[in-house]
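Chains as they are written, first to last, in the working numbering: chain A, 1 to 489; chain B, 490 to 586; chain C, 587 to 1081.
Each hint should be verified, as a subset may be incorrect.
Derived lysine to aspartate or glutamate pairs resembling EDC-like cross-links, with alpha carbons at most 20 angstroms apart [what the hints assert, rightly or not]:
#, chain 1, residue 1, chain 2, residue 2
1, B, K507, A, D276
2, B, K507, B, E496
3, A, K136, B, E566
4, B, K507, C, E940
5, C, K972, B, E531
6, A, K222, A, E246
7, C, K972, B, E547
8, A, K210, A, D9
9, C, K972, B, D534
10, B, K507, C, E933
11, C, K972, B, D525
12, A, K136, B, D556
13, A, K401, A, E385
14, A, K470, A, E368
15, A, K231, A, D166
16, A, K136, B, E565
17, A, K86, C, D964
18, C, K972, B, E565
19, A, K86, A, E220
No lab work stands behind these hints, which were simulated from the structure alone.
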Amino acid sequence: MTRTVAASDYQVVIGLEVHAQLLTLTKIFCGCSTGFGGAPNSHVCPICLGLPGVLPALNARVVELAVKTGLALGCAIQPVSVFSRKNYFYPDLPKGYQISQYELPICLGGGLAITVDGREKFIRLTRIHMEEDAGKNLHDVAADGSSGVDLNRAGVPLLEIVSEPDLRSADEAVEYLKALRAILLALGVNDGNLEEGSFRCDANVSVMRKGATQYGTRAELKNMNSFRYLKQAVEYEVRRQVALVETGQPVVQETRLYDPARGETRSMRSKEEAHDYRYFPEPDLPPVRVGEALVARMRAEQPELPRARAARYQGSLGLSAQDAGVLVGDGGLADFFDAALSARGGGAEAAKKVANWLIGELSRLANETGLPPRAWKLTPARLAEVLGLLDAGTVNGAGAKLLVEELFRHGGDPAELVRRRGLAQVSDEGAIEAAVDAVLAASPAEVERHRSGKKDLTGFFVGQVMKALKGKGNPGVVNALLKKKLGGG
Amino acid sequence: MALTLDEVRRVAALARLKLSEEEERLFAEQLSAILDHVRELETLDVTGVPPMTHALAEGEAVALRPDALVPGLSPEEALGNAPAREGTCFKVPRIIE
Amino acid sequence: MTTANDAALTGLSLQAASLELQAGAISSRQLTEACLARIAATDGRVGAFLAVTGERALQQADRSDRRRAAGGALGPLDGVPLAVKDLFLTRGVPTTAGSRILEGFVPPYDATAVTRLEAAGAVLLGKLNLDEFAMGSSNEHSAYRPCRNPWDLTRTPGGSSGGSAAALSARQCFGTLGTDTGGSIRLPASFCGVVGLKPTYGRVSRYGVIAFASSLDQPGPLGRTTWDVAALLGAIAGPDPHDLTCAARPADDYLAALEGGARGLRIGVPREWFGGGLQPEVEARVREALTTYQRLGATLVEISLPHSRYGIAAYYLIATAEASANLARYDGVRFGLRAPGVRALQELYSESREQGFGAEPKRRIMLGTYALSAGYHDAYYLRAQKVRTLIRRDFDAAFGRCDVVAGPVAPGPAFKLGERTGDPLQMYLADIFTITCNLAALPGLSVPCGLARGLPVGLQLVGRPFDEATLLKAARALERELGPAPVPAALEAAP
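Construct all of the structure, not just a fragment, from the sequences and the given hints.
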């Protein structure tokens, strides 16, 4: 793979298959919890264990969420769709078949827009269908190297969202995946967690010479549980396939596993056995009928979708495309933004401030704690109050930062906290002047150097004054007084 | 229509049945006879006929299940019939991916 | 030891036993003990039971007696000893489906039909013999023991619910449940001289009944009289949230409609069911029954079911395809037989399934897997599903001109054990008259209509969807004319 190939002569063709776990309380065919955690086989019942005699009882909420998703993605909702059995043997598949949809899925068509390098592009969807997740095989559970089977995840509801092969680069694939994730988050149908696998994707990748009319043979890539890995896996795979074609070797149609440690994809030999899934309509489940009433109800539940929201943020609120993109990339962040801005009031200036706090300090805290906005102890209204205290000069920037962190971790009333923690800003000129005088008196050498013009030490003096004022000095007053005393620098 | 031994072996592999040689021969013969009988379906014109994939008529079905938790089995009950276990996992020979 | 008093008790119909209980003339314990004694005395020769749960039954009987003493009896089934095919899951009681692969399997839940019988106060005596996974027409494919016909112990009781019919014929209990995928209730009922009803697909919940072919399977009752069957159906029919293929409409009052008579009934007689291999004595009994109906004020209408002849072919593709998937869960991982000493995953599957399944399930898994596999799906499975539509349309057209369809259940009476085991196709042809009813998802019933060469013959009645009430009413009209069904003598001879 060291050889440099003329990648620019090739067209990359990518289609993504996304599996998104639906945020239901119970599994798709039984009343067991979909919750994570718990000992192996503690969220199971005869149905998801695939015991003899059981029948699947379809969860109505799964159908609702599939319709809700389909509407958001502009799909044609099918009035009649059919579950099928996909037959294969694997220990994590209790019945020996997966109940999925095959010939007649619940959603057809649709698509979503992405922006790459400032250009907008529409990526078409082939279909969306409902299916059950498999359980989990655990390796080396016993000293003899045996594997274990945990069926807690078996029967968790999934949507499989299949794109057309419309993506033309790893970056487009990543943008598509981010845009889709943001939509599912905004809809509240999925938690968007790539790492835990509740939002995961497989990529079908092929290359063809530019101008060719036929797609090349594709490989199916698995195991990319971050946006970065998706990009790396696709880029590696493109290099690999181009190198094969360049040297006249065939690309084999196969499943390849991405190895994040090596940044490579490798063939899954165990999966190479020819599959014959013997699909046929699931006789235990009548066709799924979606009436107009259900469609209307799900239409009424449609939230503002990320792209529309970002356009609004940029248009009427004047946020940058970058900031708007970050906010809508995560449904909870944008909701928090809207609520905080509404509580604070004001126009573009206020919006910019709220956005800065969310994208800066609060995102840092959220990353550190792993808490989504919904779980923060700081509410949008409290953030608005903090911004009010800042604008009124009650606290300075450093004080506001302390306040936000305190509220994020423990909650409470900002004004009360300011009093209790003594965070009020010192704006009294007398007190500040005393501090300035003390600092200048204690640092004659620095004053001399500054005045001689050898070096601008304003920053140093501000720091010292602020330290003397325990960080609470009003920066404007401090600067003005220093300027006056140092004689304009 | 004669089913070859190779076809019998291919189908047995798909169905995860390890047939004895005698069973392979017997099934090749018996399944061939049954498939011969089944061929009479080919004499029917089924153009435009929809397949009857579900036996319950439209409109007879009950409502779908509401998304509400139902108590399941404890791990001990779940593993009550397990031929082999390790902790609360079903134990199987090493799975090679 | 069976006493004369016991014999009098076990010879009662379910209806009569129920009336005796209600009158306080006997206790459920007495009835249950009589049945257990009868089973002990006869089942060594019959083989109707795979498991007898005597102690559990006596506890249920005592509870019933206490309920009744307290004035809280639950209904006609309270305290009545029954038994179910060993395809119905029974919590805490081993359930085998007649297969080695489920030897020792103890279900953690009850089938809905079992729950409903117990809720009605019934006493469950045990689990009844069957063809392995309900695959067979003679009960000879049971992995555990053969079941014999009480009318002639050298003959088959029919299958697959052989034990369910033989136990009634042998007076071992008062009612049973079976399942019918291609004739598995009606054929044994006919061979053993009892009444058996396959309800409309979706009339009785399949939850907890081990699946053979999901779009064809239907649990149903067997009894010695139409009243008994009507009472049992009333107890088990109706919607079940666990089974989405079970209809939402409530069960009818089958007992209330039972004595309505045959006057004005239009009986369709399909010409396709009276040719080919139908044995003359059987045809004679069926024709006599039709004449009886005419005498009772019914009219006979000649009808045609032109696609009947394709039934067996369509059935053996659809049923085996579904079975091949339904039987995939028997993989030695979570329950059931696991081949000892296996070291690799593929061996675990193929060895366990090879050792656990008998010849018939293997044959059907092979056929079904083949019919679904790449390249053959459209030619076999899909085409069979289309033929199924044509068969249903035949019936829909016929029901424009008649209220029930009548004909034989089987071409002949019970055949000899061993006669057809070597030729699966010949065995499959025993279902030639019963199979279209399953394909069309309609209710069908077998009611005794006399003897042929000393063996029982059943008349088959097929009805409109969910019109079990008319079938039972029509069967009752014939039963009233023919008098009580004769009792087999074979068992009463010295063992």
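Handout entry: Restraint check for K231 of chain A with D166 of chain A, where alpha carbons must lie at most 20 angstroms apart
Key = holds (16 angstroms)
Handout entry: Holds or violated: K222 of chain A to E246 of chain A, with C-alpha atoms at most 20 angstroms apart
Key = violated (25 angstroms)
Practice task
Given the hint that K507 of chain B pairs with E496 of chain B, test it: the Cα-Cα distance must not exceed 20 angstroms.
Solution key: holds (14 angstroms)
Exercise for the section: Take a quick look at whether K210 of chain A and D9 of chain A sit within 20 angstroms of each other, Cα to Cα. Expected result: Roughly 6 angstroms separates the two Cα atoms, so the pair holds.
Exercise for the section: Take the C-alpha atoms of K972 of chain C and D525 of chain B, compute the straight-line distance between them, and say whether it is at most 20 angstroms. Expected result: holds (19 angstroms)
Practice task
Take a quick look at whether K507 of chain B and E933 of chain C sit within 20 angstroms of each other, Cα to Cα.
Solution key: Holds, at roughly 8 angstroms.
Problem - K136 of chain A paired with D556 of chain B [C-alpha distance capped at 20 angstroms] - result: violated (23 angstroms)
Handout entry: Restraint check for K972 of chain C with E565 of chain B, where alpha carbons must lie at most 20 angstroms apart
Key = Distance ~46 angstroms between K972 of chain C and E565 of chain B Cα, so the pair is violated.
Handout entry: Distance restraint between K136 of chain A and E565 of chain B, which requires alpha-carbon spacing of 20 angstroms or less
Key = Holds, at about 18 angstroms.
Practice task
Could you grab the alpha-carbon distance between K401 of chain A and E385 of chain A and see if it respects the 20 angstroms cut-off?
Solution key: holds (13 angstroms)
Handout entry: Satisfaction of hint between E547 of chain B and K972 of chain C, Cα-Cα up to 20 angstroms
Key = holds (17 angstroms)
Problem - Distance restraint between K507 of chain B and E940 of chain C, which requires alpha-carbon spacing of 20 angstroms or less - result: Between K507 of chain B and E940 of chain C the Cα gap is close to 6 angstroms, so the pair holds against 20 angstroms.
Violated hints, in rising order: 6, 12, 14 and 18; the structure is consistent with all others.
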